[in-house]
Each structure stands twice: as structure tokens, then as C-alpha cells.
Amino acid sequence: MIKVEKLYKSFDNKAVLKNISVGFEKGKTNLVIGRSGSGKTVLLKSIVGLFQVDSGNIYYDQRNFVTMKPEEKKNLRKEMGMVFQGGALFDSLTVEQNVGFPLELFTKKTKLEKSKRVSFCLDRVNIKPEFFKSFPSEISGGMQKRVAIARAIVLEPHYLFCDEPNSGLDPETSLVIDNLIHEITIDLDITTIINTHDMNSVMRIGDKIIFIRDGQLQWEGTKNEIMKTEDKNLQHFVFANNLYFRNK
Amino acid sequence: MNFFFHVGRYFSFLARVFSKPERLKVFFRKTFQEIGNLGVNSVGLVIIMSIFMGAIITLQMAYNLTSPFLPVFLIGLGNRELLILEFSSTILSLLLAGKIGSNITSEIGSMRVTEQIDSLEIMGINSAEYLIFPKIIAVIFIFPFLYILSVFFGLVGGLVIGTSFGAISPTDYINGLQHAFTPYYISFSIIKMLFYAFLISTIPSYYGYYVKGGAFDVGKASMSAVVNTDIMILIFDLILTQLLFK
Numbered sequence: 155m156i157k158v159e160k161l162y163k164s165f166d167n168k169a170v171l172k173n174i175s176v177g178f179e180k181g182k183t184n185l186v187i188g189r190s191g192s193g194k195t196v197l198l199k200s201i202v203g204l205f206q207v208d209s210g211n212i213y214y215d216q217r218n219f220v221t222m223k224p225e226e227k228k229n230l231r232k233e234m235g236m237v238f239q240g241g242a243l244f245d246s247l248t249v250e251q252n253v254g255f256p257l258e259l260f261t262k263k264t265k266l267e268k269s270k271r272v273s274f275c276l277d278r279v280n281i282k283p284e285f286f287k288s289f290p291s292e293i294s295g296g297m298q299k300r301v302a303i304a305r306a307i308v309l310e311p312h313y314l315f316c317d318e319p320n321s322g323l324d325p326e327t328s329l330v331i332d333n334l335i336h337e338i339t340i341d342l343d344i345t346t347i348i349n350t351h352d353m354n355s356v357m358r359i360g361d362k363i364i365f366i367r368d369g370q371l372q373w374e375g376t377k378n379e380i381m382k383t384e385d386k387n388l389q390h391f392v393f394a395n396n397l398y399f400r401n402k
Numbered sequence: 107m108n109f110f111f112h113v114g115r116y117f118s119f120l121a122r123v124f125s126k127p128e129r130l131k132v133f134f135r136k137t138f139q140e141i142g143n144l145g146v147n148s149v150g151l152v153i154i155m156s157i158f159m160g161a162i163i164t165l166q167m168a169y170n171l172t173s174p175f176l177p178v179f180l181i182g183l184g185n186r187e188l189l190i191l192e193f194s195s196t197i198l199s200l201l202l203a204g205k206i207g208s209n210i211t212s213e214i215g216s217m218r219v220t221e222q223i224d225s226l227e228i229m230g231i232n233s234a235e236y237l238i239f240p241k242i243i244a245v246i247f248i249f250p251f252l253y254i255l256s257v258f259f260g261l262v263g264g265l266v267i268g269t270s271f272g273a274i275s276p277t278d279y280i281n282g283l284q285h286a287f288t289p290y291y292i293s294f295s296i297i298k299m300l301f302y303a304f305l306i307s308t309i310p311s312y313y314g315y316y317v318k319g320g321a322f323d324v325g326k327a328s329m330s331a332v333v334n335t336d337i338m339i340l341i342f343d344l345i346l347t348q349l350l351f352k
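Top to bottom, those sequences are chains A and B. Residue 155 is where the first sequence starts when you use our numbering, and the numbers rise one by one after that. Residue 107 is where the second sequence starts when you use our numbering, and the numbers rise one by one after that.
Next comes chain A alone, as it looks inside the complex (with noise of 0.2 Å):
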């Protein structure tokens, strides 16, 4: 579980979350919403570390991980799987490379091993053997997601999180890149945070679903709730594309 107290964070002197308490369970889907500019994705990175907070803690299963020394920090890094938006794959490096990277820095597995590993992830997120020599920039942005998903796997983390990971992509893509972000939370027992707007994926997966507003918490609950919300913003944001329709 993942629990964020009292998170403020600013940058050139303009607050961009302020005051967010939030809990993420372990074992589900955690949906973060909201709009564009609303926060998301800076919260995601503050609760990973790769911004610095200016108050607040964020504790990884009890443990404070804004008063951690760099070690400390490091070590639960390794139980950390991330999936960006781009899908940030190391474009010098082929899809079988790209995943089995933390295995060939972090792991004293033999090549074997390691070989099997990455066609085990690979094959978990459906990537054909025929790609795993290929570059990223050989591959549809589709597959690019779904190596970066085996690649956050492939140490077992604790942790899941995705930035947009529907971003860009088809509807039928997102739904596979769904299942499987959903499929995989539940088999490894982690927890999942899942950054998005995409009010397709919050009513598939979304076992939990947090709303920003301006960069403070508006509302908390799960996809039933969200359905039956009285919150004006949320149902705004829920809803954009009815009234759009229905104005129409």
C-alpha cells in the first residue's frame, strides 16, 4: 500500500498539489483522473521521487520514503516498476535488451535465466519472439507500451505505476493495455497506480479512482460511485463527452 500525507508541491513559486492525503491499496487498480494540467502526472513523479516534494510524506508500506537516505531510497527503487507515457524504451537498445535491463544490472541470474525471464515478460504482455530483436522505433506505439509494461515487470515489483499508458493509442489497443495492467496487478498481488483521462479505462479497471482538481484531492471512491457522483466538477469531467453530444 501506498499513502501520501499533507503533499505540497510548487514549482517557480506556483503550488501545482496542494495538501494531497490519499491512500493506494495494494492488490488494485488505482485510477488518479483529472483533467489536463490538473497535476497528475506531477504527483505520479513526486510519489516515485523523480520530484522532489516541498512538505509532506509518502510512505511505501510504513515506510517514509521523503526521509529515506539515497541508499535507502535506491534499494526501494528496485521495487518500483514504472510505465511512461511515451514509453520511454531505450531507443539504442533491441525489445529483448530493453527488458531484460534491470535483469543484467540488478540480478546475478546466468544468461539462460535471464533469456528466460525476458521471453516470459515478453510473452505475458503478447510480444511475439519475430520482435524481440527489433528497436522500439520498429514497433507500433501499442507494442512499445506493452514492452515497456514487460520491462517494469521483469524484477517482480511491488509497486506499478503508468503515466497515461492509453495515451496515443487506439481503442482496441487501450483495452488490451488495460487487461493487462489489471491482470497483472492482481497475479503479482501490487499496487497499482495508473495515471489517466481515459473515462474508458476508469469504468473497466478502475477499482479505485482518485479525482484532481487544480492540484488538490476533489473526490475519492470507486467506478460504481463515480456513476452516481453529486460532485459538479466530476460529473463534468465524467460526462464531457454526453453534454457535448447532448448540447449538440
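Think of the hints as simulated: they come from the structure by calculation, not from any bench. Model, not experiment: these values are computed from the prediction. It cannot be assumed that every hint is accurate.
[Claimed, not checked] 25 Å max Cα-Cα, derived DSS-like pairs, lysine-lysine:
hint: 1; chain 1: A; residue 1: LYS287; chain 2: A; residue 2: LYS265
hint: 2; chain 1: A; residue 1: LYS262; chain 2: B; residue 2: LYS318
hint: 3; chain 1: B; residue 1: LYS131; chain 2: A; residue 2: LYS268
hint: 4; chain 1: B; residue 1: LYS126; chain 2: A; residue 2: LYS262
hint: 5; chain 1: B; residue 1: LYS136; chain 2: A; residue 2: LYS228
hint: 6; chain 1: A; residue 1: LYS232; chain 2: B; residue 2: LYS136
hint: 7; chain 1: B; residue 1: LYS318; chain 2: A; residue 2: LYS168
hint: 8; chain 1: A; residue 1: LYS227; chain 2: B; residue 2: LYS126
hint: 9; chain 1: A; residue 1: LYS268; chain 2: B; residue 2: LYS136
hint: 10; chain 1: B; residue 1: LYS131; chain 2: A; residue 2: LYS270
hint: 11; chain 1: B; residue 1: LYS136; chain 2: A; residue 2: LYS265
hint: 12; chain 1: A; residue 1: LYS180; chain 2: A; residue 2: LYS228
hint: 13; chain 1: B; residue 1: LYS126; chain 2: A; residue 2: LYS228
hint: 14; chain 1: B; residue 1: LYS131; chain 2: A; residue 2: LYS227
hint: 15; chain 1: A; residue 1: LYS223; chain 2: A; residue 2: LYS160
hint: 16; chain 1: A; residue 1: LYS232; chain 2: B; residue 2: LYS126
hint: 17; chain 1: A; residue 1: LYS377; chain 2: A; residue 2: LYS157
hint: 18; chain 1: B; residue 1: LYS126; chain 2: A; residue 2: LYS223
hint: 19; chain 1: A; residue 1: LYS263; chain 2: B; residue 2: LYS318
hint: 20; chain 1: A; residue 1: LYS232; chain 2: B; residue 2: LYS131
hint: 21; chain 1: A; residue 1: LYS228; chain 2: B; residue 2: LYS131
hint: 22; chain 1: B; residue 1: LYS136; chain 2: A; residue 2: LYS287
hint: 23; chain 1: A; residue 1: LYS262; chain 2: B; residue 2: LYS131
hint: 24; chain 1: A; residue 1: LYS270; chain 2: A; residue 2: LYS287
hint: 25; chain 1: A; residue 1: LYS265; chain 2: B; residue 2: LYS131
hint: 26; chain 1: A; residue 1: LYS263; chain 2: B; residue 2: LYS126
hint: 27; chain 1: B; residue 1: LYS131; chain 2: A; residue 2: LYS287
hint: 28; chain 1: A; residue 1: LYS232; chain 2: A; residue 2: LYS263
hint: 29; chain 1: A; residue 1: LYS227; chain 2: A; residue 2: LYS160
hint: 30; chain 1: B; residue 1: LYS131; chain 2: A; residue 2: LYS263
hint: 31; chain 1: B; residue 1: LYS136; chain 2: A; residue 2: LYS270
hint: 32; chain 1: A; residue 1: LYS168; chain 2: A; residue 2: LYS199
Take the given structure of chain A and dock chain B to it, following the hints.
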């Protein structure tokens, strides 16, 4: 204020770069790759530039040394001294700052804007050490060899072009090359090359590592990196000449 900000951040960046590699095997493999990418791939350019530098110095000296009181072999001697002391070290480094420097900034800058560096950090890897330390070692390792190669091809270029254009006879040219040779000049220039190699690998890395934005900003960072590296090379040339020749 901006200058001091960059100087401070540059040194704290270096402190991150010079830390213990995660895996020595991976570090050495990356270093050898960088020797190939940054060093061996520059050999062709170094040879071409050096041949032309040597040839042009020889022709210029031959056409300008018109006094009958000056011995002709001075053309070979002049070419040798200019190549050894300045052209094959400082001028070559200024040009390589463009090639190697822009390569480093654009590679690391692109990795920054596509979140590949963030991806390394998330894995618990010191991205500065992982990406940049091997580049520094590779460039420092290869630069003395590039210098020696440059001097050799510069002298050959002067001989071939100078003699084929009738500017000097091979005997006079070779006599000039052998006249009053000071081995210390080579050591002096190799020391300079080591400093230049450090500047060429670290300043562009710094600009690439801290780039923000997109492709346009990576381009801008590349340009700033090359300009600032060139300025620092010239400043260090002045300082080292003053220090090592006194």
C-alpha cells in the same frame, strides 16, 4: 547569477557522474562502445582535417617565406611546430567539440525529453554515472591517439602536397622536420588534449542532461554546449600554455 548557477550545478553534476558504477562489467562494455562511437568514428575526420591542415600550412609558409636569407627547411620545421603545439591539439579539439560535443548533447538530451533518463532513475540507477562516466573515460582514452594520428597525417599531408605542388623538396622538408626537435612539446600537447577531452565530454553531457522541453530545446542545448566547450578550450589553452611553458 546565471553563470554561478551553471558552475555550481556543473560541479554537483560531476559529483554524481564520478560515482561507483552499478556493475563493472556493464561499465566496461559501455566504455568500449563509446570508444567506438566517439573515438574510432572520429578517426576519418581527424585524418582528413590533419592532411589538409598540414598541406595548407606548408603551402602558406612556402608562399610567404620569400626571403633568400631564410633556409627552405624552415617550412618543414614550421609545419611540425604548428601541428605539434597548436593545430593537432587545440584546433583539432575545437573541431571535435563540434562533432563529439553535439553528438553527446543530442543523445543525452533526447533521452531526457523522451523520459529515458527518468526511466533509469526509477530503476534505481544513477543515470548520470551510467550514461556519462563511460563517455568521459572513452574520450580521455582516445584523445591522445587522435592527437598522434593528427600530427602524423598533418606532416604527411605537408610532405605530399608541398612536394607535389613544387613548394619544397622532400629532402628540405624532412630536414626541417628533424631540425631542433623538442620532445617536451609532444608531452605538453598530450596534457592539453587530456584537459580538452574532459571538457568535450563533460560540458556537452551537462547541457544534454539538464535540457527541458522538446526537439527544439535539444538543438539549442547542442549549440550552447559546443559554443561553451569551444570557449573553455581556448581559455584552458591560454592557462595551460602559461603554466606548462614557464
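Within 25 Å, alpha carbon to alpha carbon, are LYS227(A) and LYS160(A)? Holds, at roughly 20 Å.
Take a quick look at whether LYS270(A) and LYS287(A) sit within 25 Å of each other, Cα to Cα. The given pair, whose Cα atoms are some 15 Å apart, holds under the 25 Å limit.
Next item on the list: Decide if the proposed pair is consistent with the structure: LYS126(B) and LYS228(A), CA atoms, cutoff 25 Å inclusive.
Entry: Holds, because 14 Å separates the two Cα atoms, which is no more than 25 Å.
Tell me if the straight-line CA distance from LYS131(B) to LYS263(A) falls inside 25 Å. Between LYS131(B) and LYS263(A) the Cα gap is close to 14 Å, so the pair holds against 25 Å.
### Message
Hinted pair, alpha-carbon criterion (25 Å max): LYS131(B), LYS270(A). Please report holds or violated.
### Response
holds, 21 Å
| request: Below or equal to 25 Å on CA atoms is what counts here, so check LYS263(A) against LYS126(B). | output: At roughly 21 Å apart (the allowed maximum being 25 Å), LYS126(B) and LYS263(A) satisfy the hint.
**Message:** For LYS232(A) and LYS131(B), compute the direct alpha-carbon distance and say whether it is at most 25 Å.
**Reply:** holds, 20 Å
> Holds or violated: are the alpha carbons of LYS232(A) and LYS136(B) at most 25 Å from each other?
Replying inline: Distance of about 22 Å is within 25 Å: holds.
- request: Take the C-alpha atoms of LYS318(B) and LYS168(A), compute the straight-line distance between them, and say whether it is at most 25 Å.
  value: holds, 18 Å
Given the hint that LYS136(B) pairs with LYS265(A), test it: the Cα-Cα distance must not exceed 25 Å.
holds, 18 Å
Pair hint outcome, LYS263(A) versus LYS318(B) [Cα-Cα no greater than 25 Å] = Not OK: LYS263(A) and LYS318(B) at ~37 Å, beyond 25 Å, violated.
*For the pair supplied as a hint, LYS232(A) and LYS263(A), is the alpha-carbon distance within the 25 Å limit?*
holds, 16 Å
Of the hints listed earlier, those the structure fails to meet are numbers 2 and 19, in rising order.
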